[in-house]
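Asker: The residues making up each chain are set out below.
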Amino acid sequence: MTRPLQQLATLVAKDLRIEARTKQTVGLVVVLGVLILVVLGLGIGQQVASGAAATAVLWVAYLFAGVLCFEKTMALERQDGAMAGLLLAPVDRAVLYAAKLLTNLVLMGALAVVITAAAVLLFNFRLTAAPGSFLLVTTLGLLGFAAVGTLFAAAMSSTRLQGGLLALVIFPICLPLVITSTQLMLRAFSTGGDSTAAGVGVLLAFDAVYLVLSWLVFELLLEP
Amino acid sequence: MTPDHPSRRPDTLTLHWALTAVLLAVGVGIVVFVTPVEATMGPVQKIFYLHLPAAINTFLACTVCFVASVGYLWRRRLEHDRLAAAAAWAAVAQCSVVLITGMIWGRAAWGVLWTWSPRLTFSLVLWLLYVVYLVVRPSVESTQRRAMVCALYAVVAFVDVPLVYLSVRLMPDIHPTQVLLEPAMKYTLLYALVPLTLTNVGLIAWRYRRLGGRAGRAPLAGVPAAAALSRSEAP
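From first to last, the protein sequence lines are chains A and B. The opening residue of the first sequence carries number 2 in my numbering; numbering runs sequentially from there. The opening residue of the second sequence carries number 175 in my numbering; numbering runs sequentially from there.
To be clear, the hints were calculated from the coordinates, so they are not data collected in a lab. Glycine is no exception: its CB is placed at the ideal position from the N, C-alpha and C atoms. You may find that some hints are simply not true.
To be verified - Covered stretches of chain A (in silico footprint by chain B; criterion: 3 or more residues with CB under 8 Å from a CB of chain B, positions within the stretch not fixed): (1) 81–91; (2) 103–109; (3) 173–184; (4) 213–222.
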């Protein structure tokens with residue numbers, strides 16, 4: 002294993018170990034996600050029986066719970082000068098970004114599993130109609146969302162601002178991702194077929210652009 | 175000898191606005207009295223001569239915002255940040271015009287003010303992206319940090335625009351795929367681009383001047399934020 006990969010594994014293990022011991026982020030994020038599902042379910046009412054609204058509702062839950070997840074994982078580094086320690090360590094800043102992104106992806110993955118299961122129960126969401134498309138679109142969507150979220154969580158972390166601002170910044174940026182994902186899922190679940198190549202291409206473009214851009218500018222954000 | 179009241183001399187921006195006002199007045203005259211009325215839509219079609227140039231100038235303002243933001247990330251000069259903020263403001267103003275004129279058009283053409291068609295959704299998302307830029311600016315206290323966060327956001331938002339365009343293409347569309355114009359309409363449209371582009375330039379220049387123009391410079395990294403605020407900064 003090369004040195005950057007070792008550093009990446011160490012940093013991700015550090016974050017996940019803290020999470021395993023404190024159990025702060027996953028618990029909060031999952032409960033918030035389920036709460037959003039319940040509130041939206043009550044609001045939409047019987048229309049959810051078709052399951053068509055479930056894809057949009059799922060993304061609303063991913064978005065709000067995801068923002069909380071990004072804030073909590075970045076807040077860890079603000080305590081006791083942890084970020085200063087990381088910056089003093091002989092680690093490339095891109096590795097710091099990749100580590101935080103991977104941690105967020107692991108936590109978002111856990112969130113997605115629980116929320117999707119809840120949607121299957123509460124919304125009559127027939128996941129078996131297009132499981133492959135659902136997995137592909139959700140994975141690509143969460144990757145792009147986490148890429149942008151990790152970047153802006155770092156940008157906002159030193160501004161002493163409250164959580165609403167991070168959501169305000171991330172949501173419009175992530176709109177193409179949400180539009181593409183919901184449209185692809187609607188098509189996949191209405192026809193029972195696979196996602197179109199063009200739609201998956203848009204999601205891949207989104208992921209590629211934001212991963213590269215975040216990698217390029219993350220170093221600038223961590224300057225004192 | 176220095177004149178007693180140098181400010182009485184009209185500056186470049188005042189002359190610019192005067193020229194723009196004359197060209198706009200001529201343009202309105204051409205649209206109202208010269209350009210033929212479209213057969214299907216009627217007089218409401220004339221809103222098109224404002225709608226399309228405003229849309230083109232929205233993209234121009236977004237491009238200026240992007241270039242200025244890249245300039246800030248590269249050189250760390252506050253005038254780049256101010257230019258980006260001024261351009262974002264102009265982009266929001268013109269995108270608002272695009273949305274409002276689009277809704278008037280939609281009401282006449284489809285009987286509804288709003289429909290989730292790709293082009294309308296695209297304009298709305300574009301507007302939201304730059305409204306957020308303007309809303310976030312005053313929320314960051316440190317001048318240097320604000321400039322950095324906003325520059326980063328502007329770069330990401332501009333890169334987001336083609337992705338928004340691609341994503342909304344997946345939605346069902348009721349817009350016509352192409353608009354055919356007869357020569358008189360085409361020339362009117364080309365003429366309308368001139369005063370509206372001058373308006374765009376004037377808006378950016380006016381806002382840039384109000385934000386502080388070329389005065390001031392970002393402090394070096396490591397200098398406390400209080401030192402960076404040696405002069406008052408408009409958000």
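Asker: Against this structure, judge whether each hint is valid.
Answerer: So, going through the hints one by one against the coordinates:
Counting residues of the region 81–91 of chain A whose C-beta lies closer than 8 Å to any C-beta of chain B gives 0; at least three are required, and the coverage claim is violated. A stretch counts as covered by a chain when three or more of its residues have a beta carbon under 8 Å from one of that chain; for the region 103–109 of chain A and chain B the count is 0, and the coverage is violated. Closer than 8 Å: that is the beta-carbon criterion, and the region 173–184 of chain A has 8 residues meeting it against chain B, so the requirement of 3 holds. Taking a C-beta to C-beta cut-off of 8 Å, the region 213–222 of chain A contributes 4 residues in contact with chain B, enough for the three needed, and the coverage statement holds.
Going through the hint list in order, the structure does not satisfy hints 1, 2.
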